[in-house]
Amino acid sequence: MRKSIMLAVLGCVLVSGCARLLPDVKPYEREQLADPIMSFSRDPISDQYLDHVYDVREGARGATVSQGGGCGCN
Amino acid sequence: MVVTEQAVGRLIRRRYIRTIHQAGVLFILFAGVPAARAVTLPEDRADLMYHYYDGGGVTVSGPAMLVRKSVGDNVSVSGRYYVDTISSASVDVVTTASPYRDKREELSVGVDLLHGNSLASVSMISSKERDYQADTLGLNVTHDLFGGLTTLDFGFSNGKDTVGKVNETFQMDINRYNFRLGLTQVLSRSLLVGISFEDIAEDGYLNNPYRYARFGNSIMSSVPYPETYPGARDSQAVALRAVQGFSTASRPLGMSARMDYRYYRDTWDVRANTLRFTLQRYFSDRWIGEARYRYYQQSAASFYSDYFTEVMTYMARDKELSTFHSHSLGVRFSWMLSKQQLPFFNKASLNFAHDYVYFDYQDFTDIRTGQPYSFGANILQLYISGWY
Amino acid sequence: MTEKNTVRSCWAMLRLVVCSVVIGLVVSGAATAKVPAIGTVAPDFTLRSSLGKNLKLSEYRGQVVMVNFWATWCAPCRQEMPELNRLYEQYQRVGFVLLGVNVDDNPKAAQELSAQLGVRFPVLFDSAKQVSGRYDIDAMPSTLLLDRSGTVRYLHRGYRRGVEKEYEEKIRELLRQ
Chain A
10 MRKSIMLAVL GCVLVSGCAR LLPDVKPYER EQLADPIMSF SRDPISDQYL DHVYDVREGA
70 RGATVSQGGG CGCN
Chain B
78 MVVTEQAVGR LIRRRYIRTI HQAGVLFILF AGVPAARAVT LPEDRADLMY HYYDGGGVTV
138 SGPAMLVRKS VGDNVSVSGR YYVDTISSAS VDVVTTASPY RDKREELSVG VDLLHGNSLA
198 SVSMISSKER DYQADTLGLN VTHDLFGGLT TLDFGFSNGK DTVGKVNETF QMDINRYNFR
258 LGLTQVLSRS LLVGISFEDI AEDGYLNNPY RYARFGNSIM SSVPYPETYP GARDSQAVAL
318 RAVQGFSTAS RPLGMSARMD YRYYRDTWDV RANTLRFTLQ RYFSDRWIGE ARYRYYQQSA
378 ASFYSDYFTE VMTYMARDKE LSTFHSHSLG VRFSWMLSKQ QLPFFNKASL NFAHDYVYFD
438 YQDFTDIRTG QPYSFGANIL QLYISGWY
Chain C
506 MTEKNTVRSC WAMLRLVVCS VVIGLVVSGA ATAKVPAIGT VAPDFTLRSS LGKNLKLSEY
566 RGQVVMVNFW ATWCAPCRQE MPELNRLYEQ YQRVGFVLLG VNVDDNPKAA QELSAQLGVR
626 FPVLFDSAKQ VSGRYDIDAM PSTLLLDRSG TVRYLHRGYR RGVEKEYEEK IRELLRQ
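Chains as they are written, first to last, in my numbering: chain A, 10 to 83; chain B, 78 to 465; chain C, 506 to 682.
For reference, chain A alone in the conformation it holds in the complex (with noise of 0.2 Å):
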């Protein structure tokens, strides 16, 4: 139990430090990530039916950017 709250403190510390390390970029510097190319799912009704082509006929399923129609069915 207390290794585990250790381990968590030392993980927060971490995790805070190197957070102060990633580059900072400006909210007035987010144009290019707002763009639909940059977007992980730029259209989730594509994503979305695709993702389930694959699942139906593969054993893999999950951690995909689309949430919907989880049925993979049999």
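Just so you know, these hints were derived from the structure itself, not from any lab.
Careful: at least some of the hints might be erroneous.
As the list claims (entries may be wrong) - Here are the simulated DMTMM-like cross-link-like pairs (lysine to aspartate or glutamate), alpha carbons at most 25 Å apart as the crow flies: (1) B:K424 to A:D64; (2) C:K670 to B:D150; (3) A:K35 to C:D641; (4) B:K205 to A:D33.
Please read these numbers as outputs of a predicted model, since none were measured by experiment.
Based on these hints, arrange chains B and C on the given structure of chain A.
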């Protein structure tokens, strides 16, 4: 390996209850922390699609529709309707039964609530076909940190499926839990990375009541034999993704390159790797072209076999659980329409996508030919999107 | 038995890592951001404008000035535009001026959108992001109100429907002074 299905099921449920507790505590922490507001409601939009799949003797087509509208400043509601009309003469079907037609309808509704830097979503999905009913309730929380440079995602779903058999009084259940975690991080003005994790735990009747395994001394001399599956399945998937923007002669952000990788494993011993590359480019202010490649590889479930020489506790011959790999190559074209050209919308797009996927099985034999099975399929999408 | 315990401890370890990462991120995020301080004189700047000439902030001393930082790719900014336009048209004649500082990489996009939205107030082009940097803008949109002596008296981050009423109150208050 799997002790008792009920014990695993109980253990999984207890783990989830504890994790939900922790997630709840974290959410409360978030709600209280002030930070520059960056998270917004999803955009209002409507999409209408026609989809078509043809391969391996199976044709599946139908419409799909998605509508999303914000109500006030903090609420957004969405609805999705999806239909699969299936015409199946697949290798499984033609070797054990006769070709069939079926229709699957899926309806989902969702509500998103914006509070401070968090977006909470609740969704209900209901899918129905003649011999299968699936209902899922999902909960998701997205939280922005550092003015939106970091986004955290938590998700939890519970699904209940009822498995039936056409023209028979057969009814079995499946209970499913999904737990999702995700993190997206802005690394530069033109680089975004993400990592996500999903754990899926199911118990119940997990096989297909129509499918048979094969029993005999060789594949060609084998006979159909009932499949038996374990009553539980627990899986974990971890995915990494990154998208990098590039400038072109005409635009500061003219092109993007994206890579996705997913590792999957489950308690049935299936191990899979998925790798995707996507390139998107503006060909003018109005045209976006996309090219994509996907590679998938999996190793078979421990109780899968092309044919069994002796009776085992668990026996499966579902090709989705076999050793196989697939390659797919696709393109998508999007034509953006501006407000001047449209009556009601601010913006709209017309899109067409075509993917060709080739499946190559190593330990699943096509008993019509005696050779390892393989097939190619075409996946077509035609859809219009409108923003208002 | 072993498989179950391994899965269990992997899961516990993952939960621990995730929780500590999240708490760490939350703690770092709670640090206050630098702001253009209320009560200090707003930094002066000169930018090319939609009026065809360069505009300098200090030339507006004696008037109540609202400086709004916006971009075409920022949805709340676009939503806010008609409201800002209304405020400008209403109070322009009694000593109020609204300067829309746009941060698009391409000023042409800003010009097109403001024409489309019927924007009447001057739009200034900060495509080099120098003014945004000087003002340490940490949210889009950002709205500052300066009194007649050029001192920052009010700052609002983001946009939500109804906040224009707050702006209006503050503008009237500063106009009375």
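Results of checking the hints against the structure:
For the hint linking K424 of chain B to D64 of chain A, the alpha-carbon distance of about 32 Å lies beyond 25 Å, and the restraint is violated. Straight-line distance between C-alpha atoms of K670 of chain C and D150 of chain B comes to about 16 Å, which keeps the hinted pair within the 25 Å bound. Our distance criterion of 25 Å between C-alpha atoms is met by K35 of chain A and D641 of chain C, whose separation comes to about 9 Å. Under the criterion of a C-alpha separation no larger than 25 Å, the hint pairing K205 of chain B with D33 of chain A is inconsistent with the structure, at around 48 Å.
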